[in-house]
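Q: Next come the chains, spelled out residue by residue.
2 protein chains.
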Amino acid sequence: MLKLHHHPLCPFSRKVRVALRERGLAAELIEATPWEDEGFQKLNDAGEVPVLEDDGLVVADSNAIVEYLEEGYPGQTLFGKSLEQRNETRRLVAWFDVKFRREVTDLLWGEKLMRRLKRVGGPNSEALRWGTANLREHLGYVEYLYEGRRWLSGDDMTMADIAAASHLSVLDYLDVVPWKGFDGARDWYAKMKSRPAFRPLLADRLTGIKPPLHYDDPDF
Amino acid sequence: MLKLHHHPLCPFSRKVRVALRERGLAAELIEATPWEDEGFQKLNDAGEVPVLEDDGLVVADSNAIVEYLEEGYPGQTLFGKSLEQRNETRRLVAWFDVKFRREVTDLLWGEKLMRRLKRVGGPNSEALRWGTANLREHLGYVEYLYEGRRWLSGDDMTMADIAAASHLSVLDYLDVVPWKGFDGARDWYAKMKSRPAFRPLLADRLTGIKPPLHYDDPDF
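Protein chains in written order, with our numbering: chain A, 1 to 220; chain B, 1 to 220.
Hints were generated in silico from the structure; no laboratory data involved.
Being a predicted model, the structure only gives us computed values, none of them experimental.
A portion of the hints provided could be inaccurate.
Since the list can't tell identical chains apart, any single copy or any two copies may satisfy a pair.
Okay, derived cross-link-like pairs now, DSSO-like style, lysine-lysine, Cα gap no bigger than 30 Å in a straight line [claimed, not checked]:
{"hint": "1", "residue 1": "Lys118", "residue 2": "Lys99"}
{"hint": "2", "residue 1": "Lys191", "residue 2": "Lys118"}
{"hint": "3", "residue 1": "Lys99", "residue 2": "Lys3"}
{"hint": "4", "residue 1": "Lys42", "residue 2": "Lys118"}
{"hint": "5", "residue 1": "Lys81", "residue 2": "Lys42"}
{"hint": "6", "residue 1": "Lys118", "residue 2": "Lys210"}
{"hint": "7", "residue 1": "Lys180", "residue 2": "Lys42"}
The following block holds chain A by itself, in its conformation from the complex:
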């Protein structure tokens, strides 16, 4: 039995949850708050979620987990079939996990949510301003990709879509995504929200922090 240590509002945990479900792999979900739990480092030296346990084998880091699922559970793939699409998928996973994370997620989700959960004070307003401006640029990029494709990295739904939607979903929980004016990006995200593998994420709630009404509505 697979076990996934995760946090419900962590974009990297969400990425793996969706990947597992899309692959049809059942996993026991174990909620973790590693920043409050020093013992978590025994599982992952980095002290971070997500961590997958597979029959005693411990896999840490969201990309290591997803590549492990490709190699350890071959068959269906979440990267695309051709080398060309696999490259494009990995380029975009890095885009969202590195560039988008640095330019948007860290500045908005990091400042508005994680600082609150870690009780280290309120958000930095300059960070919020930059994050908001950068998010508009990135939504424009999602639209640009989606204009000529069925999904972000090509004809198939891949890890590129899952990574992008995972980051956007935690931002949308905080109601900071300016969907108005980005119809293409909204259409693509609505398609992701409708997927059975994505629905469970949208049912999660943090105590004391409510998402906006449109958050779990696929027709938003």
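Take the given structure of chain A and dock chain B to it, following the hints.
A: Just chain B now, kept in the frame of chain A:
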């Protein structure tokens, strides 16, 4: 013929250069300074090196490139043979490319070198102080890994070693690595410096910025 667009002092470019050589894949090296060249975005939307061209196929992002070499040029592997070692390799690549990058490389290399190359002013002294303190923690972690292993992720030299050594090599060029007091880490890095695939990196020089004398000496 493979072509690699790279910058000689970019750790992610170095990672791919070493990977190519370790795999015995010849590539034409094309030096790029994407921050001075808006046209570079035509090759990679992120406007960053490294970018690999393989007979018309463009692969951007260092991890996408390295995974592409595994899939497109099968045979020898730089991740390890068992699933367990492959997981450990990918965990550590993420450790160095994400955690070490954020806690050390961005603060020291980013402030001391990139700000100078981009002509955006001198380094922030608080960033340097944090980067220096964090680097000591990370050298301790390298020692901890290396104590019970022949290489960082196990018995074989893998992308974990290549990623770690690539980051450390650009920091060592700037003479900010406190090797004294970290004998284990120095022994491991000396072993990396002796590899034929690593030697060409140590011959690169930037105009006006000299590395310390020990920089290219494997017996330092």
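Q: Take the hints in turn and mark each one as holding or not.
A: Structure-based check of all given hints:
1. Lys118 to Lys99: both (24 Å within a copy, 19 Å between copies)
2. Lys191 to Lys118: Result: close neither inside a copy nor across copies, 33 Å intra and 41 Å inter.
3. Lys99 to Lys3: Both: 29 Å inside a chain and 24 Å across chains, each within 30 Å.
4. Lys42 to Lys118: Cα proximity of Lys42 and Lys118: one copy only (20 Å, versus 41 Å across).
5. Lys81 to Lys42: Classified as between; 25 Å across copies, 37 Å inside a copy.
6. Lys118 to Lys210: within (18 Å within a copy, 43 Å between copies)
7. Lys180 to Lys42: between (44 Å within a copy, 29 Å between copies)
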